[in-house]
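Now for the letters of each chain:
Protein chains: 2
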Amino acid sequence: MPAMHLKIIQYLKSAEGFVSGEDISRELGVSRSAVWKCIEDLRQEGYKVEAVPHHGYKLAALPDRLIAWEVQHNLGTRKFGCAVHHFAEIGSTMDEAFRLGMSGAPEGTVVAAELQTKGRGRLGRAWVSPGGSGLYFSLLLRPKLSTAEAARLTLLSSVALSEAVEKCSGVSALIKWPNDLLLGGRKLAGILTELRAEVDRVDFAVVGIGLNVNTAHKELPPEATSLKNESGQGYSRVAILQEFLRTFERRYLVLAKQGFGPALEEWRKRSATIGRRVRFEERGHKFEGLATGLADDGGLMVQLDNKQTVKRMAGDVIVELKDKKV
Amino acid sequence: MPAMHLKIIQYLKSAEGFVSGEDISRELGVSRSAVWKCIEDLRQEGYKVEAVPHHGYKLAALPDRLIAWEVQHNLGTRKFGCAVHHFAEIGSTMDEAFRLGMSGAPEGTVVAAELQTKGRGRLGRAWVSPGGSGLYFSLLLRPKLSTAEAARLTLLSSVALSEAVEKCSGVSALIKWPNDLLLGGRKLAGILTELRAEVDRVDFAVVGIGLNVNTAHKELPPEATSLKNESGQGYSRVAILQEFLRTFERRYLVLAKQGFGPALEEWRKRSATIGRRVRFEERGHKFEGLATGLADDGGLMVQLDNKQTVKRMAGDVIVELKDKKV
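As you go down the protein sequences, you meet chains A and B in turn.
So in numbering that gives the first Met the number 0, the last one in the first sequence is 325, and the numbering has no gaps at all.
So in numbering that gives the first Met the number 0, the last one in the second sequence is 325, and the numbering has no gaps at all.
In short, the hints are calculated from the structure, not lab data.
Take these hints with a grain of salt, some might be off.
It does not matter which identical chain is used: a pair holds within one copy or between any two.
Quick list of in silico lysine-lysine cross-link-like pairs, DSS-like style, CA-CA up to 27 Å [stated by the list, open to error]:
id, residue 1, residue 2
1, K78, K256
2, K310, K285
3, K12, K166
4, K310, K143
With the hints as extra help, turn the sequences into a complete structure.
Here is the structure:
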């Protein structure tokens, strides 16, 4: 957005009540017709600007869109959100972020969309992404991790998302291993991490998040829910995205300095999976057992009914047996 | 290349000695001027076609270029080489193959170039790729492997490349763990594997090969050599690429059916590293020991001087101590 538009938004935001076009014009050193033109542009972007003769202009509402300037306003991060690419509609934010990664975009670049036509989840599954009500974005990372350690990014971002949602809405969402947030047993958010890597070293990673914020129940698959659906009230997607970027960046810096321990500890507290009976298949055999913990590499520890303990990695399909919570 | 051109090449290849333009024209059902036009095009592509009045045409030499039709001619593979994208000059065949992978190109797609301006090796290092004399290509794979198993692709391709070079030239190149071929202790080829992956599952892999075939010593870094340099004679890059595609596809199919064992066994036979003293650093400490074997996951087993045995993965830097071969 051009600098003049940003200045006018800033000015309107800082004002209490109405400000006259003349005041804006004088303060910013531009003509009144230029002010009027900018305000028309802002209305196009979704800003609700009231205009009353002899009173002037008032910012009545911000656009509920993930536009760069709103996301970056008072963000206060070092890198995360340094660039925000916003799309009204896109196939998948993952693919665009991946392309940006390949062309050298910096760590912290965000790709956000109002609507995804080909949103996807883990193992190539589809992720339903109806327009304007959910938070769909991907974040480009350039971590110094081996390929084997990359699973940490999924766990780290699930912790950060659970924390950010809690801070913005008061709602405590649990983490279903390895990459979903649950609310009342239904899917609130999915997290997907994709890599470009040598066989042993991550070149870059893209963490993608789909969070159902204000999405109506009828727009979602039956096993899913939204924040609004559960709590009865709507939330600002921009505010949640900002809080996520702050929280995740903090945890990401801790990962580099102190290792994975602090995130693991928080993950365990927010886990929906630990303490549940789970079922999985391996080479045609079915196993059942109790999910007892999380290994340091992000694997799920399962105590089988024969008392043997095995570790499952994120690529494995685990079924949680809902009626048998211990 | 248009079908008519391919038919004319085929016809000239199958002929013994000269064939008249009239014969070609009658055989293929096109005008003599169309035949003449096609032959001009083929000369542009690098085919040497002699023309003698009253005798006709004769194919004197094939172009020594990695053009699709020559690579695919009598290739006899199932998938590998199914598409060949040939560039006179490119930044890196890896990036182009990666882009093709992202846009859904099929397994077995090859990107080959006469010259790379930004050829690269492992850990972001440069790979010198002078024009027209080396074999530079990338191969797109869509293996059913976990991310952790992807190192197998590098080892598999190093075995296949060593075998293909041996079959085409009689020269036995040894494999320096994890990804180089050596001849007389100098670098003959480098292999790089890059992935697009979820944290646990490979989406696609690109195996890139740089092989110094007919490259003059003065065009190479001092630690490198070429097949021509060592053996005194030149080789067809097309023939080596074809043989590699055949050999690698065979080993790749074996991997899917019988696992990694057969390739590992061959790798050990061709290893330049096993039996050598090696040095590496870990967290600021230097270690020396004897490379004793290859683990099933492709890691290098090293017996330290204190008799403890450790495993090094491909991301680690290992220095082979050249004067201490045991």
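Structure-based check of each hint:
In this homomeric assembly, K78 and K256 come within 27 Å of each other (Cα to Cα) only inside a single copy, at 16 Å, whereas the closest approach across copies is 46 Å. In this homomeric assembly, K310 and K285 come within 27 Å of each other (Cα to Cα) only inside a single copy, at 15 Å, whereas the closest approach across copies is 33 Å. In this assembly of identical chains, K12 and K166 lie within 27 Å of each other by CA distance solely inside one copy; the values are 23 Å within and 74 Å between copies. Taking identical chains as interchangeable, the C-alpha atoms of K310 and K143 lie at most 27 Å apart whether they share a chain (25 Å) or sit on different chains (21 Å).
Of the numbered hints stated above, none is contradicted by the structure.
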